[in-house]
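Trainee: If you want the building blocks of each chain, they are given just below.
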Amino acid sequence: MVPIKVFRFDPEVDKEPRFETYLVPLEGSVLDALRYIYENYDASLGYRFGCSGAGHQRCGACPVLVNGRPALSCKYLIEKEMTVEAHPKFEVIRDLVLDFDRERKRDKKIIPNVKITIDPEKCDGCRDCVFICPLKVFEVRKNEAKMISVPVDSESCCGLTCEQCSIFCKNNAIKIEMMMERKT
Amino acid sequence: MIESHHLEADVFIIGGGIAGIRAAIEASQQGTSVLLANKGYVGQDGAAVWMAGGGYQAALNPPDSIEQHIRDTIKAGKYLNNQNLVQAFLSLAPESVQDLDRWGVRWKKEGGKYPQIRMPGETHPRSMLHTKTGEHLGGEYRKALSRRIRREKNVTLLNDMFIVDLIKNGEAVVGAVGLDMKEGEFRVILAKSTILATGGFMDCFEFTTANPTATGDGHGIACRAGARMINMEFIQFFPAAALWPANVYRDAYPYGLIYELYGILYNRLGERFMERYFPVEKDFATRQAQSRAIAREVREGRGSPHGGAYLAFRHLPRNLLDAYLRECWDVPFFRSLREAGVDIREDAIEIGPAAHYVQGGCWINELCETNLPGLYAAGEVGSGGKDGADRLAGNALPFCMTTGYVAGREAAHRAKAHPMPKVDKGQLEAVCAEASSPMNQQDGIKPAELKKRIRRLMSNCMMFERKGEELERGIKELEHMRKEMLPRVGSSAKTRKFNLEWMEALEVRNMFDNAEMAMRSALMRTESRGLHERADFPNEDPLWLKHIIVSKKSNGLELTTEPVIFSFIKPPESSKPQ
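Going line by line, the protein sequences match chains S and B.
Numbering-wise, the first sequence is residues 1 to 184 according to the numbering used here.
Numbering-wise, the second sequence is residues 1001 to 1578 according to the numbering used here.
Bound-form chain S, shown alone (with noise of 0.2 Å):
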C-alpha cells in the first residue's frame, strides 16, 4: 500500500480546496486507485470514468494532473508519492469531476507534459483533432493561404496517456514528443 494525495473540493460548501491522502494498493492505474478509495474509504469522492482501467481506448472523460502533469487516470499507472488532482482546463463540479462545457481561466502553471509539433504541409486543417481532443488542445486558424491546427494549449495535454489526436490525424500530420519520461 502507497499513500496517495488527492484533490478535494466541493465548490458550494467548501471556501479552499484541501488535499486528504489515502492508502491504496501499489497495482493498476490511478483509475483503480480513485475506485479503491471510493469503495474503500470515503464514497463522497468525485471523479469522472468512462473505461475501467488498463487496456482500453481513450475516451477522455477522466483527465487529471498528476504530480502537476496532466494524464489520463485509465492510462496512468500507479506509483509511489503522487497527488492527483482536478485538471485545470475545466471548471470543477466536485472533487475531479470536471465540467466539459465550462472552461476555467488558467490560475495555476501546468508543468507542460509534450511538444506538439504540426507539420503544416501535411495537415489540411480538416478540424478533426480539435473535435477528437478531450482539452480543446487545438484550434484550427489561418496560417498564409491554408487553414492548418494550432496547438493552442499543449500545456493541457494529457500526453501518451491519450494521443487520440494523432492516432487519429488522417494525414499523419500531429507528433506528440514526451518532455519527461515517459508513464502510460
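Hints are not guaranteed to be accurate.
Using 20 Å as the maximum straight-line C-alpha spacing, the simulated SDA-like pairs for lysine to any residue come out as follows [claimed, not checked]:
#, chain 1, residue 1, chain 2, residue 2
1, B, K1153, S, D101
2, B, K1497, S, E12
3, B, K1446, S, E12
Some chain B residues judged to face chain S by a derived CB distance under 8 Å, without partners named [what the hints assert, rightly or not]:
#, residue
4, S1127
5, T1131
6, K1182
7, V1298
One side only, chain S facing chain B, incomplete, derived with CB under 7 Å [unchecked claim]:
#, residue
8, Y41
9, S44
10, G46
11, G50
12, C51
13, S52
14, C59
15, A61
16, V97
17, G125
18, D128
19, Q164
20, F168
21, K170
Bear in mind the hints are in silico, worked out from the structure with no lab data behind them.
In this text, a Cβ means the ideal position worked out from N, Cα and C, and glycines have one as well.
Starting from the known structure of chain S, arrange chain B on it as the hints suggest.
Mentor: Using the frame of chain S, we list chain B on its own:
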C-alpha cells in the same frame, strides 16, 4: 423535490452511444426537436462504441450480397432470429457505411472501393477496415459521431443525466424522470416519442470487455414500465479478451489477431485444442464456440496460469510478423506489449472469455416500436430477437446504426402526429420518492457491494454449461437479495452533486431486473442453442424454435413464448419439429 418546470421535446432519446446518436441525427433531420440524455458526457464517456475494435459488417463487394449477409446472420443465430427484423435492418447496412464515411470515419479505401476482410461466420469478406493497419475503429466513431451530433441544431444534449424511470400516461410512454448528476436534482422530461438506446448489461458479469457503465439501465426501466423483453437468456462472451500481460488486461484487441494474423490457441499442455472441438473450422470457429472450448479447457484443468488459453503466432515466419509489427508499431496494444516485454514473435499472450454483448432486449417490430405506444428501442436494448441465439461478429454496430436511423425516423413521425402529452403529478412524485430512498438510508448497504454479489452470482450460473438446479438456486438467492438487501441499499455520501453512489444505487435496481430476467429465461429454455448452453439439456431441441418473452406483472415476471416466423429462410429439415 421536483421542479415545476419540465423539459419538453418532440423526441427524447436515452443513451449517447452510436444508436442514440444516429437516432438523434435522424429525428433532427426530420425537423423535430430532440433531447438526448446520457449518463456521462456525450463523446467522453463509457459508451461501448468508443471502445469498439474492428467489426463493422456490410455487404458491399460482390459476390457478397445483402441476401448472403442475412443468411449468414440467421445461420449464426441458429434460426432463432426474427427474420423480418434481420432483413429490414441489414438491408440498410451498406447505406450506413456511406453515412459514417460522410461524417468522417476513415474506412480503408482502395480504388474507390472498401476492401474488406473475412471474420468468423462470414461467407464472404464483409468487415470494414481502418486506414491504418491494426488500428481500432472506436476512436473514429468517437471523433465522427460526437462531432456530427453537435452540429444538429435541433438536438439538445443532456449530459450527466441518469434516467431513473419512464413515465406513462395510460399505456403510452410520455417521457422520463432523470437525475441530473451535475445538480443532484430530479428533472422531468416530457416527450411525444421516447427512444431507448442504452446498450447492454455486461457489467452484471465479473470479467467483461464492456465498460462499468454497461449496467443495462434501459432494460431495467423498460421492464418496469411494462415493455415486453425478448431473448434475455442469450448473452455473448468474447472469446479473446486479454488476461495477461497485466497492462492490457481486458483488452479485446487479441481477438482481431486471431483472424488477421491467424493466431493459434493452445492449452497449458501445448495442445491445439480447437482442432479437437472443431476439426473443420479449428481456431476460426464462431465466438461462442471458441469461448466454450476455452472455458472447458480451463474447467478440465488445462487452462493457462491466468485462467484462459495461450494465443500464439510463432507458426508464422519471423519476417512476416516483423512486417506486420512495423505497421502496427504505434497501436497502443502493441506498445503496451513492448512495455511489458512480451514479444509475440516468441511469446504467447493469455486470453479468456469475457461478457461482451447482450442479445436480449425490448421486443420491437420493423419500425423499432416496442409494445408500449410512444416507446422505441434501438441498438443493443432494441433487440427484437434480431441476433437470434448467437450474433455474428461485426453485426452489432451496423444494427445500431440502422435501428438508430429507423427509430429516429419513426419517433419523429409519431411526434408530428401527436400533441405534447400531459403527466400525472402523483406518478412523478412516486418515482422521485423511490429514487431518493438511497439518500435517506442511514448505514445502508453499499451499492458497489451489491453489484459485486450480482456479478458473482451471474458469473457462477449464467456463463457456460448452465444447470437447472444452479439457476434455481441463483434465482432464489437473487430474490433473497432483492427482498433483504435492495431496500437497504444506500449512499453513504450525502452530497447531492455528482454523487456516484446514488447513481450506482439506482443502477443496482436495473441490474437486479436484468439478472432476474436473464436467469429465468435461461431456466425456462430446456435445450442448448447458440449462446445458451445447458449442461442438463445438451442438445438443440426443434420444439424450442421459439422466443421467450418476459413481461413484468403485478405479481412478478411472466414468461411466455412466441413462435419464430421463417419468412426468409427455413431451418434445415433435421432441426424442424418432428
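Trainee: Does each hint fit the structure? Answer for all of them.
Mentor: How the hints compare with the structure:
1. K1153/B to D101/S: 17 Å, holds
2. K1497/B to E12/S: 9 Å, holds
3. K1446/B to E12/S: 25 Å, violated
4. S1127: 18 Å, violated
5. T1131: 7 Å, holds
6. K1182: OK, holds: K1182/B within 8 Å of chain S, min 6 Å.
7. V1298: 20 Å, violated
8. Y41: 10 Å, violated
9. S44: S44/S check passes; min Cβ-Cβ to chain B is 3 Å, inside 7 Å.
10. G46: OK, holds: G46/S within 7 Å of chain B, min 5 Å.
11. G50: Interface hint status for G50/S: holds (4 Å vs cutoff 7 Å).
12. C51: Because about 5 Å separates C51/S from the closest Cβ in chain B, which is inside the 7 Å limit, the hint holds.
13. S52: S52/S check passes; min Cβ-Cβ to chain B is 5 Å, inside 7 Å.
14. C59: For C59/S, the interface hint holds, since the closest Cβ of chain B sits about 5 Å away, which is under 7 Å.
15. A61: This interface hint holds because 5 Å falls under the 7 Å limit.
16. V97: It holds, given that the least Cβ distance between V97/S and chain B is near 5 Å, below 7 Å.
17. G125: With Cβ-Cβ at 14 Å, over 7 Å, it is violated.
18. D128: With Cβ-Cβ at 6 Å, under 7 Å, it holds.
19. Q164: OK, holds: Q164/S within 7 Å of chain B, min 6 Å.
20. F168: 5 Å, holds
21. K170: 5 Å, holds
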